[in-house]
Amino acid sequence: MKKISRTLIAVASLALLAGKAHAVDTTPGSDSDKQFFPIASYRVGPYAASGTSIWAGIIDYYRYINEVEGGINGVPIVWQECETEWTAEKGIECYERFKRGLNGAPVASYLPNGAPAAYALSDRAPKDKLPLVTMAYGRTEATDGRVFPYIFPVMVTFYSEASALVNYIAEREGGFDKLRGKKIATVYHDSAYGRETLDPLALFAEKYGFENIQIPVPDPGSEQSAQWRQVREQKPDWVFLRTWGVSTPVAVKSAQRFGFPADRIIGDVWASSEEDVIPSGDAAKGYLALTPYPAGTDFEIHKRLKQHILDAGKSDLRDPKAFGSVYYNSGLVNALISVEVVRQAQAKFGNRPITGEEGQWALEHLKLNDAALEKAGFLGLVQNLQLTPADHEGGGAVRVQQWDGSRWNLISDWVQADRESLRPLIDAKSAAYAKEHGITPRDVGTN
Amino acid sequence: MAEFDLRAIAEPVDPIGLKAVGLVSVAALVLAAPFLASEYWINAIIVPFLILSLSGLGLNLVTGYAGQLSLGAGAFMMVGAYATFALQLRVPELPLPLALIAAGLISGVVGPVFGLPSTRIKGFYLIVSTLAAQFFFEWLFLKFPWFYNGNSSATIALSRGLSFFGLNANGAHGRDYLTLGIVALLTWLSFNLIRSQTGRNWMAIRDMDTAAAVIGVPVLRAKLQAFAVSSFILGIAGALWALAYLGSASVQSFGLHRSYQILFIIIIGGLGTIRGAYLGAAFVSLLPLALDWLFQYLFSGQVDAGLLQNIEKAIFGILIIWFLIREPEGLSRLLALRRTAAVAFFLRNPFLHFLKQEPEP
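For the protein sequence lines, the chains are A and B, in the order given.
FYI, in the numbering used here the residues of the first sequence are 1 to 447.
FYI, in the numbering used here the residues of the second sequence are 448 to 808.
One should not assume that every hint holds.
[Stated by the list, open to error] For lysine to aspartate or glutamate, the following EDC-like pairs were computed, each having C-alpha atoms within a straight-line distance of at most 16 Å: (1) B/K590 <-> A/D190; (2) A/K127 <-> B/E486; (3) A/K207 <-> A/E233; (4) A/K183 <-> A/E206.
If you're looking for bench data, these hints aren't it; they were derived computationally from the structure.
Treat the numbers as computed from the prediction; the structure is a model and nothing was measured.
Could you build all of it, start to finish, from the sequences and the hints given here?
Below is the structure:
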């Protein structure tokens, strides 16, 4: 008898699971008047430490929209997390779980939150008509919306990042003519991510006449003496640090050991957080970093969040010190974009939940100017954005912040990339992709 | 290594034709699955489960049957995936099924090369040699842009999608049937192979290679054969993983963690059994999902999400340990014991007397 009841329990729980699994992707449901925001998070695995603040930023902002602003034009947000462990496999599972919405609440845009998943999903998204938003990572050539209608590397691609770096150095040196003869060394993680800036830097080296030194760091980059010895021998004027994870603090410490000043190192988007500099200790004092979502708690949105969410004890943040950190703010910015996409779509389709196809239209017509940013409370934290069907990046600016040993201080306004010069490179890459995959680029008119 | 159990090969007692009924109903269920299951089930659960089972099967041939410990499963999958990509890109005239077979053959040539040390060394030392394959191919496929056609993301993806002989297998059903067909075919082949002279040679070597040599088994040839067949299957599994499941893959998709995962599949499922690969793959791929649903269902919103994820991982780990303590020879053995018990129950039960057949002499 005991055995039979055990079997019964097993069958019953399986049935329950199957029912639950089936419920996930049924389109009709009780939540059809709400907007669903899936959160593909990573709370376990090697990148969990940085992730926690990102998810807190996203969830705090959604909560703020629901509880203070009463939803997006009255449409409440529902969200659910799914663990990706920053892998392609789990990322696909989460995408498949959420792409049809949750209990009737549709998805307007999908944030894969991780390069492997973003690449793996790039041919699924157009089939499912669900736009992917990859902020500050992913395919640069997806900027060309004619070939990649459903992928949006919004704000800043790695190409724009390299260009903005050159422009910032020119600003510091006193003009583009001063760049001639200068040496800019790039110490980069030898991976797809690291190699992405080789082409744009070669382009600008030719244009402005600076010497372009490229020094690869093999994965995982926990030993970099050889690279920094090379830096010391070549005596560059600036070092562009394109490492990530453990390789960043190792680079900063090695630089100190080989006598290269930290205030001549400029870290890239993925080497610009508290988690990158705190482990480096004193060596990081004066370290510069460029980022599309700078650290800080003085922005308007932080005041609102503090009042309504943090002080009310509703925050998802476990470590209050992380409030206003780079990763927390990146979560806010990601959440802002997903909310603004819905708002933009509602302006055309009406104040109701938005589907993926409508979300794609909204992303292609997304416009965030100073007035809109001020209203949302993000002025200074987010740059002006203007996306078009042909341009899925729409921004291309970064701010530079400097680590003083205990916090980041903003030391520049928005530094704009030279996107006109980059566009031919991007078009060549997207044309090659279109040819390889037999895609006929969309005709999007003259914009 | 478990001692060789002859009963595993002999037909089990089957008084009421359970096996035939079971086989037919499983086949019907499997064929009908795409129409019963949602797209989520096919794309995110069934297809990866089938491919993981196939990889487990491939590794089981060399590790479970021939007794050669290997941690290179990921590497051979990688070879298969990159070979398929290269063939589809550079020899577009070759239809996909032939490209898959060719990729399997390439991987099947690579396997014995890294299996060569097995002629001299055994056990943990052999693991080191197969680990070399793992690191070598990760380096090779990243170092030379030729292998990923020089695109900046260093990922591979089929340019024309999954289509062959005018059939389009890009949809969920297409992927499912393509994978299912290949997995079924290779399972059937392996099944026959291990019951042939070749398979018996492997098992002889596994159980005692000196004795095998004495009775005239060509030890060297059989070991390399096992590596070749195993990496042939792993190569095809890798190609499917990259192109039918993920859609685009990079070397990270076949890293060391993949090799471990496949080794765990056969350890949990049962070394030296065909169905062990399936049971192990089900355990490794389905159980974490089931746990996740259950936890979302019970605690979503009430417990900290990070804590929940870590608890899920811990429970999964505890379950692995519990299963291995209960039955060190894997789920396959556990299932066989259960089945014997069930048959005994039927035979003993007087009310089911009419089902009884004459006991075999």
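Structure-based check of all given hints:
no. : hint              : verdict
1   : B/K590 <-> A/D190 : 10 Å, holds
2   : A/K127 <-> B/E486 : 13 Å, holds
3   : A/K207 <-> A/E233 : 25 Å, violated
4   : A/K183 <-> A/E206 : 12 Å, holds
Consistency note: the structure conflicts with earlier hint 3 alone.
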